[in-house]
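The residues making up each chain are set out below.
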Amino acid sequence: MSDIPGGPMANRPVHFIWLLDCSYSMQGEKIGQLNYAIREAVPEMRSVAQDNPAAQLLLRTMTFSTTARWHHQDPVPVENFTWQDVQVDGMTNLGEALQMVARELDTPPMPQRALKPVLALVSDGVPTDDWKTGLRAVDATPWGRKAVRVAIAIGADADRTVLQEFLGNPELQPLDANSPKQLAAAIRWASTAAVKAASQMVAGATDPLAKQQAYAPPVLDDDDDDVW
Amino acid sequence: MPAGVTPVPLWATLLESVQGVNKTRNQDYCEVQGRGTAEEPLIMAVADGHGSAAHARSHLGSRFAVDLFVEEARRFGALAQPPGDERPPSLAWLMHYAEHAFPRQLVSAWRGRVLGHWTRTSSHEEPGVSEEHKVLLYGSTLIGAVLTPRVFAAWQLGDGELTVVDEAGQVTVPLAPAEADLGDETESLCTPKAWRRIRTHWAPVTAPWRAPRLIAASTDGLSKSFASDRGFLQFMAGLDDRLSAEGADSVRAVLPQWLARASRHSGDDTTLVAAWHQGDPPVPGPAVAPEPVAAPEPALAADPVAVPDPAAAAGTGTGPARRPEPEPEPAEQPSPATTDPAPPTDPHGRDE
Numbered sequence: 001m002s003d004i005p006g007g008p009m010a011n012r013p014v015h016f017i018w019l020l021d022c023s024y025s026m027q028g029e030k031i032g033q034l035n036y037a038i039r040e041a042v043p044e045m046r047s048v049a050q051d052n053p054a055a056q057l058l059l060r061t062m063t064f065s066t067t068a069r070w071h072h073q074d075p076v077p078v079e080n081f082t083w084q085d086v087q088v089d090g091m092t093n094l095g096e097a098l099q100m101v102a103r104e105l106d107t108p109p110m111p112q113r114a115l116k117p118v119l120a121l122v123s124d125g126v127p128t129d130d131w132k133t134g135l136r137a138v139d140a141t142p143w144g145r146k147a148v149r150v151a152i153a154i155g156a157d158a159d160r161t162v163l164q165e166f167l168g169n170p171e172l173q174p175l176d177a178n179s180p181k182q183l184a185a186a187i188r189w190a191s192t193a194a195v196k197a198a199s200q201m202v203a204g205a206t207d208p209l210a211k212q213q214a215y216a217p218p219v220l221d222d223d224d225d226d227v228w
Numbered sequence: 001m002p003a004g005v006t007p008v009p010l011w012a013t014l015l016e017s018v019q020g021v022n023k024t025r026n027q028d029y030c031e032v033q034g035r036g037t038a039e040e041p042l043i044m045a046v047a048d049g050h051g052s053a054a055h056a057r058s059h060l061g062s063r064f065a066v067d068l069f070v071e072e073a074r075r076f077g078a079l080a081q082p083p084g085d086e087r088p089p090s091l092a093w094l095m096h097y098a099e100h101a102f103p104r105q106l107v108s109a110w111r112g113r114v115l116g117h118w119t120r121t122s123s124h125e126e127p128g129v130s131e132e133h134k135v136l137l138y139g140s141t142l143i144g145a146v147l148t149p150r151v152f153a154a155w156q157l158g159d160g161e162l163t164v165v166d167e168a169g170q171v172t173v174p175l176a177p178a179e180a181d182l183g184d185e186t187e188s189l190c191t192p193k194a195w196r197r198i199r200t201h202w203a204p205v206t207a208p209w210r211a212p213r214l215i216a217a218s219t220d221g222l223s224k225s226f227a228s229d230r231g232f233l234q235f236m237a238g239l240d241d242r243l244s245a246e247g248a249d250s251v252r253a254v255l256p257q258w259l260a261r262a263s264r265h266s267g268d269d270t271t272l273v274a275a276w277h278q279g280d281p282p283v284p285g286p287a288v289a290p291e292p293v294a295a296p297e298p299a300l301a302a303d304p305v306a307v308p309d310p311a312a313a314a315g316t317g318t319g320p321a322r323r324p325e326p327e328p329e330p331a332e333q334p335s336p337a338t339t340d341p342a343p344p345t346d347p348h349g350r351d352e
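Residue numbers (the working numbering), protein chains in the order written: chain A, 1 to 228; chain B, 1 to 352.
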């Protein structure tokens, strides 16, 4: 008698997509620190996922340089996710990356029944292709419009205007990472706060008054001697 | 039972609500009462307070929504079937009232209630807090239904489901939006001019013997626990089967476990109210004459739902049931007067 009728039950997925700049300007310490920071952030992401048992956190990684490519194409449950280092390659084709992500944000392949996806963009430079068309493609998808977006600007040469447009919300600012310590903190924040925001069961967001985001970036200490 | 009197089916009611995982309090509220007669219309409502810091008082907003819906629904029931020899209004007038006046009155009363609560419970008026931001604190969805001997009417603002299982076992969700919101976004009572976003279902009673077996209202914590919409409809069909096979008491005993399991998957507060009846189709007595139906029934019309004969005196439903709400509420102020557009001028006009 206690068997519940109906179809199968399932937790709702939260799709988290890293968008990582792997252009030559990231060569050296930057790419090394980025790999290290993401690898170190994975256990914290698992911890956040465990605190939100009704959400299933799925990870993917897109890199962009001379071309854009999926580093992890299929969504991987965070419990099974292991970081594989990314390598630098050439230009900064952000637009191509955004186009590829937009295709994944369509429904299908994205399910109708999901929590907001998270798009986390990390870049240290200026896009070398038509990034605006790519961003429009993301904005044209229902899930792209609703996505929780975070942006991390590495070093002084990062184009903050592009990152600001990517965020699509004047109340949000890209998070500056001007040192290895700041990058680690920024990655940690993006990995956890954005996931929390996406997996919260918050309703009423269609009300324009309710658009204050719960994942405003923190102020990072800048006491590192090694500054990019 | 006197000859010629149609028996009233027994309406058994279910009411259960469980708190979501990691939630500090249950933001849902619900109510089901009545027998489906002219004197005691069957009334049910569920409301889902939004939660989160932006809607810090939404557990009160959902409670106000349900309480005020019950008041409006009683008024609607009295309009549909006035006591004594007073001639009832036409179905066309009632439909217009349900579609236009009812939502405006309900939203207006809710806003008045929450603003009154704000005024009474805020020790100091914070400068610069607009009325809209005060109302935002109480944001909630609402689903409510009224079943009278003449009409079945239901209203929905925001997510959740109103489900009807007809006498043939067909499961429908007549207030489902054409396109569901993605994620956890939803329409809300706190939205400016919220009455415009209320969806209305209207079904005149044309054949009393075709009463639905089951009417249910549930918050999205239930439907979102299933991997697909189809799984939710299967749940409702299964609920109807269990009620038919084992009776309401048996289902009532396991309903908390079902909802708790659903809540673990959806992560949300999960609430279900339902009214179900079983029995052979009553033999129409002389007092039961099909009423002319307003024609044409526009987009509102969907699945006609029959109700038991109001003339009958036999049979009882379950008494009023209500989820306990431990938090005391300060004394209420009367709701403000509404400015609803007048329905058709002749409430007693012919329906043809």
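Just so you know, these hints were derived from the structure itself, not from any lab.
All C-beta atoms in this analysis are idealised placements derived from N, C-alpha and C, irrespective of residue type, glycine included.
Watch out, some of these pointers could steer you wrong.
[Stated by the list, open to error] Mimicking SDA-like on lysine to any residue, the simulated pairs with C-alpha atoms at most 20 Å apart in a straight line are:
| # | chain 1 | residue 1 | chain 2 | residue 2 |
| --- | --- | --- | --- | --- |
| 1 | A | 196 | B | 56 |
| 2 | A | 196 | B | 52 |
| 3 | A | 196 | B | 185 |
| 4 | A | 132 | A | 165 |
| 5 | B | 193 | B | 108 |
| 6 | B | 23 | A | 193 |
| 7 | B | 23 | A | 132 |
| 8 | A | 146 | B | 177 |
| 9 | A | 196 | B | 264 |
| 10 | B | 23 | A | 10 |
| 11 | A | 146 | B | 193 |
| 12 | A | 146 | B | 180 |
| 13 | A | 196 | B | 180 |
| 14 | A | 146 | B | 179 |
| 15 | B | 23 | A | 48 |
| 16 | B | 23 | A | 146 |
| 17 | A | 146 | B | 182 |
| 18 | B | 23 | A | 53 |
[Said to hold, decoys possible] Derived CB-CB ranges, DEER-like:
| # | chain 1 | residue 1 | chain 2 | residue 2 | range |
| --- | --- | --- | --- | --- | --- |
| 19 | A | 69 | B | 253 | 33 to 39 Å |
| 20 | B | 228 | A | 139 | 23 to 29 Å |
| 21 | A | 168 | B | 130 | 45 to 51 Å |
| 22 | B | 56 | A | 43 | 31 to 37 Å |
| 23 | B | 176 | A | 77 | 26 to 32 Å |
| 24 | B | 71 | A | 111 | 25 to 31 Å |
| 25 | B | 167 | A | 168 | 49 to 55 Å |
| 26 | B | 206 | A | 76 | 39 to 45 Å |
| 27 | A | 145 | B | 119 | 49 to 55 Å |
| 28 | A | 39 | B | 257 | 53 to 59 Å |
| 29 | A | 7 | B | 25 | 26 to 32 Å |
Hint check:
{"no.": "1", "hint": "196(A) with 56(B)", "verdict": "18 Å, holds"}
{"no.": "2", "hint": "196(A) with 52(B)", "verdict": "12 Å, holds"}
{"no.": "3", "hint": "196(A) with 185(B)", "verdict": "16 Å, holds"}
{"no.": "4", "hint": "132(A) with 165(A)", "verdict": "9 Å, holds"}
{"no.": "5", "hint": "193(B) with 108(B)", "verdict": "9 Å, holds"}
{"no.": "6", "hint": "23(B) with 193(A)", "verdict": "18 Å, holds"}
{"no.": "7", "hint": "23(B) with 132(A)", "verdict": "40 Å, violated"}
{"no.": "8", "hint": "146(A) with 177(B)", "verdict": "19 Å, holds"}
{"no.": "9", "hint": "196(A) with 264(B)", "verdict": "17 Å, holds"}
{"no.": "10", "hint": "23(B) with 10(A)", "verdict": "19 Å, holds"}
{"no.": "11", "hint": "146(A) with 193(B)", "verdict": "23 Å, violated"}
{"no.": "12", "hint": "146(A) with 180(B)", "verdict": "14 Å, holds"}
{"no.": "13", "hint": "196(A) with 180(B)", "verdict": "23 Å, violated"}
{"no.": "14", "hint": "146(A) with 179(B)", "verdict": "15 Å, holds"}
{"no.": "15", "hint": "23(B) with 48(A)", "verdict": "15 Å, holds"}
{"no.": "16", "hint": "23(B) with 146(A)", "verdict": "23 Å, violated"}
{"no.": "17", "hint": "146(A) with 182(B)", "verdict": "8 Å, holds"}
{"no.": "18", "hint": "23(B) with 53(A)", "verdict": "12 Å, holds"}
{"no.": "19", "hint": "69(A) with 253(B): 33 to 39 Å", "verdict": "56 Å, violated"}
{"no.": "20", "hint": "228(B) with 139(A): 23 to 29 Å", "verdict": "28 Å, holds"}
{"no.": "21", "hint": "168(A) with 130(B): 45 to 51 Å", "verdict": "25 Å, violated"}
{"no.": "22", "hint": "56(B) with 43(A): 31 to 37 Å", "verdict": "32 Å, holds"}
{"no.": "23", "hint": "176(B) with 77(A): 26 to 32 Å", "verdict": "31 Å, holds"}
{"no.": "24", "hint": "71(B) with 111(A): 25 to 31 Å", "verdict": "40 Å, violated"}
{"no.": "25", "hint": "167(B) with 168(A): 49 to 55 Å", "verdict": "51 Å, holds"}
{"no.": "26", "hint": "206(B) with 76(A): 39 to 45 Å", "verdict": "56 Å, violated"}
{"no.": "27", "hint": "145(A) with 119(B): 49 to 55 Å", "verdict": "37 Å, violated"}
{"no.": "28", "hint": "39(A) with 257(B): 53 to 59 Å", "verdict": "42 Å, violated"}
{"no.": "29", "hint": "7(A) with 25(B): 26 to 32 Å", "verdict": "30 Å, holds"}
Against the hints set out earlier in the document, violations occur for numbers 7, 11, 13, 16, 19, 21, 24, 26, 27 and 28.
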